[in-house]
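S.K.: One-letter residues, chain by chain:
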Amino acid sequence: MPPALAVHGLAKRYGSVQALKGVDLEVGEGELVGLLGPNGAGKSTLVKIAVGLVRPSGGRAEVAGARAGSRVARARLGYLAELFRFPGWYSADEVLVLHQKLSGSTGGAAERKRLLELVALADAADRRVDGMSKGMQQRLGVAQALVGDPRLLLLDEPTSALDPVGRRTVRLLLERLRDQGVSVLLNSHLLSEIELVCDRVVILLAGEVVAAGSPAELSRPRGVELETDEGTRVIEGATREDAPRLVAEAVAAGRRVFGVNVLTSTLEETYLEAVGGESS
Amino acid sequence: MRSVGAIVAYGFREAVRRKVFAVVLLLTAAFLVLFWLANHFVFRELSSIQPPNDVHVDTRTFAGAFLIGLAMFATLFLGVVLAVFLTLGVVSGDAERGLLQPLVVRPVGRGTLLLSRFLGAALVTTVYVLAVWGIALAITDRTGHWLPASKVVPGLELAGGVMIVIALSLLGSVVLSSTANGIAVFMLFGAGLVAGLLGTIGHALNSHAIKHASTIAAWALPFEALYQDGLRVIAKDETGITGFLLQLGPFGGAYVHGWGIRVWAVAYLAIALAIALAAFRRRDL
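If you read the protein sequences in the order shown, they are chains L and C.
Residues 77 to 356 in our numbering are what the first sequence spells out, letter by letter.
Residues 472 to 756 in our numbering are what the second sequence spells out, letter by letter.
The hints are simulated quantities; they were obtained by calculation from the structure and are not laboratory data.
We treat Cβ as the ideally placed atom computed from N, Cα and C, and that holds for glycine.
Any given hint might turn out to be false.
[Said to hold, decoys possible] Computed from the model, here is a short list of chain C residues facing chain L with C-beta under 7 Å:
(1) 566
(2) 572
(3) 580
(4) 582
Working from the sequences, and respecting the hints, build out all of it.
M.R.: Structure follows, in structure tokens:
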């Protein structure tokens, strides 16, 4: 079975600006991949090419084996744009009805009810969009992206307008979707969120992939922190494997050991290292 | 068909919500009241018009054809206003506001989306134009007891002219911002009307250069040619001094007319839509 999203040598030029410079990326079946990078790194361009909003200048992108932008590819994906709006005069339920018709979904009222419950909007089915908060509209956007049970979900900053409870709702939803085998490409500036839910992380800088791997792979050992009766000290360069020996040495030296902590870099530190301090 | 219906309904609700219909209906009501007043006073005072004894003018026909020509102009203008405000922001405007992207990524596709918006606007404006045209005819018939020889063809030509404007407006919405597109379409409309009047002047003065320029404009902007052909049709049976005087007026009728321009208008519409579709398919959103 082809991957949910396969991108090979993808390039995009806007006039004199090279937004993407030969990006390779794959999102496997049921995989949740986070896309990170500073503003202008090419993240949104990559997502827009995948959903067919933008034409690539070079390379190729495929959704479940179909050329990105083709009718077949569009039928297999759900998308939430970074800057989107629904007509203010539609109710939440009507927005979903419209997208059911456009996507050919036969889920009917049951699907709409299920999706609104998923994003905690079950009580707002009849509320008009222009009467909703930004966070509610964003959750409705996530529900809209899920119409028709897509195989691949592409979310561009889906939690930017959400409060902590809303973020948690979306995070739990993403984990649930992954468990159901839905593949997700999540474009977000919220590193902690990416670290919490993503199986893999891809960091883009100036149109190129500068780092990729699981959050664990991307984090690097930063030493071992030892807390003794002499105080706390960090043994730099030490790894998890060194911890028992370091404790044994301290005890042998007559020290009383209260705690030991293996230090690794956070995704934020890895990210900052990868993008060289570029503002995001 | 389910998705086409959904997009047509979407466009319709958008127009209702943005009060496009409310504004156009208000303007239409104002025009129809003024038109009724004009008919009422012109036909009431018809007997006071006394042409010289040796000039045989059918004053009722002259007044009726003139007023119906005015109605055709107003109907075309109001139809164009409706058409432009229904379509000027379909691509660029909706893309700037983030309304278009969620729709375009659906399997329905860009071609179906644009053609559905055309279909919706064409349906609404055709019903509107034919209704206003019919009411104008009824007013002139009731107040002046005069009707043109041909009633259906001018109405259909007006509707056809408005459809061409819709296609041009959709094409403009792909490549221009909403404001620039609105200005461009109204400028084209104005240019077409001026070219038509120039043609009338050119024929009155028998100026070959002006007639030639007007002919080129009629083929370049066939919505104007259809309107002019409609004017020609309403007075085509009038001969002698009455017909001559009508030809000299601002609603004198076409010098480029007949099936050639009608077939070209259909082809022009198809070409404008095809270019709009091709441009929309290539456009990054």
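S.K.: Each hint should be assessed against the structure and marked as holding or not.
M.R.: Structure-based check of each hint:
1. 566: At 9 Å from the nearest chain L Cβ, residue 566(C) fails the 7 Å test, so the hint is violated.
2. 572: 5 Å, holds
3. 580: With Cβ-Cβ at 6 Å, under 7 Å, it holds.
4. 582: 10 Å, violated
This entry does not satisfy hints 1, 4, going by the numbered hints stated previously.
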